[in-house]
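Put together the whole structure using the sequences plus the hints.
Chains as they are written, first to last, in my numbering: chain A, 1 to 364; chain B, 365 to 728; chain C, 729 to 1092; chain D, 1093 to 1456.
Think of the hints as simulated: they come from the structure by calculation, not from any bench.
Quick reminder that beta carbons are idealized off the backbone N, C-alpha and C, glycines included.
Treat the hints loosely; a few may be bogus.
[What the hints assert, rightly or not] List time: in silico EDC-like cross-link candidates among lysine to aspartate or glutamate, alpha-carbon distance up to 16 Å: (1) C:Lys-1038 x D:Glu-1353; (2) B:Lys-674 x B:Glu-684; (3) D:Lys-1350 x C:Asp-932.
[What the hints assert, rightly or not] A partial selection of chain A residues facing chain C, derived with a Cβ cut-off under 7 Å: (4) Leu-8; (5) Pro-30; (6) Gly-32; (7) Tyr-71; (8) Ala-356.
There are 4 protein chains.
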Amino acid sequence: MGNIFGTLFRITTWGESHGGGVGVVVDGCPPGLPLAPEEIQVELDRRRPGQSSIVTQRKESDVVTIYSGVYRGKTTGTPISMMTPNVDQRPEAYDEMRTRFRPSHADFTYQRKFGWRNPEGGGRSSARETVGRVAAGAIARKILQAAGGVEISAFVQRIQDIAMPDNQGFPSREEVEGNPVRCPDAETAARMEERIRRIRKEGDSVGGVVECRVRGLPVGLGAPVFDRLEADLAKAMLSLPATKGFEIGSGFGGTLLKGSEHNDPFERREGRTRTVGNRAGGVLGGISSGEELRFRTAFKPTATILKTQKTVSESGEETEIRGKGRHDPCVLPRAVPIVEAMTALVLVDHWMLHHAQCGTFSFE
Amino acid sequence: MGNIFGTLFRITTWGESHGGGVGVVVDGCPPGLPLAPEEIQVELDRRRPGQSSIVTQRKESDVVTIYSGVYRGKTTGTPISMMTPNVDQRPEAYDEMRTRFRPSHADFTYQRKFGWRNPEGGGRSSARETVGRVAAGAIARKILQAAGGVEISAFVQRIQDIAMPDNQGFPSREEVEGNPVRCPDAETAARMEERIRRIRKEGDSVGGVVECRVRGLPVGLGAPVFDRLEADLAKAMLSLPATKGFEIGSGFGGTLLKGSEHNDPFERREGRTRTVGNRAGGVLGGISSGEELRFRTAFKPTATILKTQKTVSESGEETEIRGKGRHDPCVLPRAVPIVEAMTALVLVDHWMLHHAQCGTFSFE
Amino acid sequence: MGNIFGTLFRITTWGESHGGGVGVVVDGCPPGLPLAPEEIQVELDRRRPGQSSIVTQRKESDVVTIYSGVYRGKTTGTPISMMTPNVDQRPEAYDEMRTRFRPSHADFTYQRKFGWRNPEGGGRSSARETVGRVAAGAIARKILQAAGGVEISAFVQRIQDIAMPDNQGFPSREEVEGNPVRCPDAETAARMEERIRRIRKEGDSVGGVVECRVRGLPVGLGAPVFDRLEADLAKAMLSLPATKGFEIGSGFGGTLLKGSEHNDPFERREGRTRTVGNRAGGVLGGISSGEELRFRTAFKPTATILKTQKTVSESGEETEIRGKGRHDPCVLPRAVPIVEAMTALVLVDHWMLHHAQCGTFSFE
Amino acid sequence: MGNIFGTLFRITTWGESHGGGVGVVVDGCPPGLPLAPEEIQVELDRRRPGQSSIVTQRKESDVVTIYSGVYRGKTTGTPISMMTPNVDQRPEAYDEMRTRFRPSHADFTYQRKFGWRNPEGGGRSSARETVGRVAAGAIARKILQAAGGVEISAFVQRIQDIAMPDNQGFPSREEVEGNPVRCPDAETAARMEERIRRIRKEGDSVGGVVECRVRGLPVGLGAPVFDRLEADLAKAMLSLPATKGFEIGSGFGGTLLKGSEHNDPFERREGRTRTVGNRAGGVLGGISSGEELRFRTAFKPTATILKTQKTVSESGEETEIRGKGRHDPCVLPRAVPIVEAMTALVLVDHWMLHHAQCGTFSFE
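Have a look at this one:
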């Protein structure tokens, strides 16, 4: 269980790192949306390993096939099944992983929870499962663009201690894709890239922070008290591999301010009721306020490192393990499209939920 | 919608700040649990306004009644309905709020989303709705104690810039309840209390961080890929009023480390496979690891302040608003039992989910 | 678990036959609906015991209170909590039930499933739990009327072997309420009433069939493949106490026909595409067709009879039990408003679901 | 939406009659279950067209592939994705269906609900979607057998007016599979087969009733008040194409009896508390009683007939349509494995639900 996400726009992902493939079924997609496989593929290519020299060189072409739910180029409202086969499989590379728990990976907990696991490449706990999320998110993103002009832009805000300057403008796709780090500030990106290259040579890894911004959202998305928009975004982000934190708007830093400094007064601007600042990050009381959505997600340094580490075997002996071959010294550049995908999924779901309650009936 | 939480141990909360009362229905409670109203009341009393001089002086006795689901002192497995009436109602205090949006409150978004709202005391967006959460959480907590010896301890870790020393031992209930701030470090608590008193005099407010620790959990709770334990905890925390961030284990700070510094190697300890450190915060791959669960939640400074602020009226005129009467200069002391309640709810739900999948059938 | 119904318009019911009361929380109600307690009360009064000489004489005034979710006479979109206290409690009447399983009641299975049960009046398994359904259904019904002019009319179609003539016109509320049996055919109603009176004197009971018709529905409600409209109606009906069967349109009888006799050809009528007949009962492929919805529910004879029956005690001894006091010789007249309530709940939920998927976004 | 079934053992089905294929993802399968593709295939072969001369001759080999969730022959607790490609596609056969609504099919309602549909072979409304249900059901069935010795046996009880004698013993797989009709009474089966052959020659169709029996169930499955076992079985059955009714135990016929005739007294038998009869059909108060589960489902005569029928075109013109080529004069023999599959899915889900609430914690 745990492999279905969403209430109305629901996705079911499946697949392991090694085996037949990875995929997703989208249930609840609105009908009539023009959709071509290329629109899915472009997002998968952003997530794909081997796309630049600073990410893992695992070779995965990750070509997606749409098996259902689309007829003559338009969605029919029935489930959309998508799949990409696994091609670069080298199960022999995982012999050691069969019996020794990799530190800070899920081997140990999967073994204890389920009693039986697929150890090849981490099986279901591999970040390869996010292929399904990105494929489904590409559809959600298209819906947001087509119907509401909503733009989602995530980017690498910080790698280790190298951070972008705060409060830049809304980053364009071109700016984000302009360098392999996916940091829209070119100067910062260069320093980040250098750090990642150095860390890779050390056989070590680094983490950092991905920021996500959304503009063009209507007021009203979010269903308090439990299904607040930020609560569902937090869940979406913390459901991603390697994440350790989430903050929206002023976040943890905002706790240093006094209420009189932190509050966002209202004003009239551009003919609308707006807030002067946006420490709230685009939500008030769990509901989108019409301001730009802004949140950040912390990704820990990649657990796989090319160093010898102490560990314990399945049979309970203290031993050592050493990562080898290809590894990803920093997952953040590839995390950017995944963060965007999850964001799009949450937003479409909440848009539909809001419309269901507040737009189905009229009592005038 | 949005007022039901959980999959198997499901709670439905209801009620507004003013009106008939606030309550909760718990569906899915295991049968046979000894349960007395006093066990609910003790937690409600920790949440209650007016319990000390540093929190709001709103008078609410918040006496809970159990209406169903318990027979002769034991749960029957049928829904448990609990309610506390609203007593300290002064609707006239809210005349200004009817027509002017309070900055950084939910007035504006509720009005726009629903078109019709109860403005008295914030209606459903009032933190008073957490009464239902705490009442339900008291049952979840009792289950964890009775069945598994699981202990949950939340506490105020930081107020504005005044933080507790890191990595103290597991705080006892006595230590947490030993001062009105609910910070188990007495020296830090004194400084926090002083800060809160000063801020109250200014008519201003402060925020901070609540930390929560859980010990005694078995390995195996959490349902990847979407319903990871930390994902559901993040959602639970961000569903609380005034929260802006969540982090587990090393959190945002952990992103400054290298993988070789951050990883938690395994070792044998006390006859079990354990991790040497606990930067993971008690989860691996979304599943509890058997180590202590540790996470933090950021609470913004209270939005209500006794100062004049700019705002806009419902009819779209720029105007001013000034909070008056009783206000809560710092919600964190009262947030502690609420954080514990939500944590208990998530844990019981995941315990049941885990058992359903991995403990119902045996295929030997 | 099992006490929450619906996906978007979700109700949580609670309460036992004896104890604090019975109630319901409605989550997901559209905002802005004018709603007065009297509109709930009128439906509860139709369900109430003691309303005529042919139903149980248990005295329950069943006065409903709305505790939340309505402000100045209009719904706010937040949870609506409603409750009616239990007043006519005579726990001493149930001493025998504590230790002896009543045949064809739920005593035995509740005891075995939960290990601990409230035996007074059947506890949660009492039909008294339907108070919450009727209260919530009254709101759903109002929504259907206010927004779409949808009319729901259930009635007693058969008592034992006494059946109404087939294919009468759509029965009005006046016709249904015109006699205590709630059979709109006066002549049949008289015979049914006589039968029920005779059976009551014998201390025995009878069952029969309730038919439900809905007119004014739009085309499009229902979510194949699993959440077909008829599937959710079937679930709703079989979730009622004492039900043993459900059929829609031609039902079981339709299986005697050949396809050429059973099919409903399309034609143009009143400017719309309509079916000539309606053996389908208002659904095609799980989706409402715009024709009148027609389905029937079988209710078994009441299990409580004033006769001595063989049974077994909780401790496993063969023994006897004899119903005494007040009993309901035929539940069907009181089942009519309950069937309508459940129907309204299913329809509003599906209306919202349909709108969410097919009405939220436009891709032109 | 509407393509996910179950709460804990959840299946997501996808696919249309024509297109890439049909499939299913099973989320929540217990880990450690030995599972081979052949065990899925054997059930798909029972559902397959062309298996005998009395069903449709559409050629579908329906070879299943398991893509995930199984490692070295045992389930891992992660999602199991299964797929069978579509092979016998003749889209040109459906030219007429593109523009003319087939009577008593879903063409009209899909067109109106979604605005855009796949008309080839009925698209998603084709009974071909049940491939996914049968594949998932085969796993559920294996779980029931492996863990609890539960046996499920469905069979054709009636074709049009040709019915089996009542109250036969529990039919074995051999008896059911002993003839192409899947009626365990050989003499009745012969008459049914003759009827179907005659009807096929007429280009017409017939319906009937499938009965399902389950033995070996424990007491306790079912979650009142809404998720009664019979309610979820009713939903499961009415979610199948061409179904018009459901009854459990005495069903509609039981309404002709008096309570004193209908009640099932308890007795001690084989060291257990049992009911003397089983008019209840194996459930009491929505919970399995330990007696044999017995229910029936009505299937209407196949809508596709080789006769000219009146209809209306998409553009609103009255016209005619005539089915051609291969058709299924009677779906019931192929419905038998589908009924069994849905039954198994409901039972495994409820077994897990019951265990979660009543077996996770102990409070002694």
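Each hint tested on the structure:
The straight-line distance between the Cα atoms of Lys-1038 of chain C and Glu-1353 of chain D is roughly 13 Å, inside the 16 Å bound, and the hint therefore holds. Taken as a hint, the Lys-674 of chain B and Glu-684 of chain B pair is honoured in the structure, with Cα atoms around 4 Å apart against an allowance of 16 Å. For the hint linking Lys-1350 of chain D to Asp-932 of chain C, the alpha-carbon distance of about 7 Å falls within 16 Å, and the restraint holds. Evaluation of the Leu-8 of chain A hint against chain C yields a held restraint, the C-beta minimum of about 5 Å falling below 7 Å.
The beta carbon of Pro-30 of chain A is positioned within 7 Å of a beta carbon in chain C (closest approach about 5 Å), and the interface hint is therefore held. Residue-level restraint check for Gly-32 of chain A holds (minimum Cβ-Cβ distance to chain C is 5 Å; threshold 7 Å). This hint is violated: Tyr-71 of chain A has a C-beta 14 Å from the nearest C-beta of chain C, more than the 7 Å allowed. Checking Ala-356 of chain A against chain C by beta carbon gives a least distance of about 4 Å; that is within 7 Å, so the hint holds.
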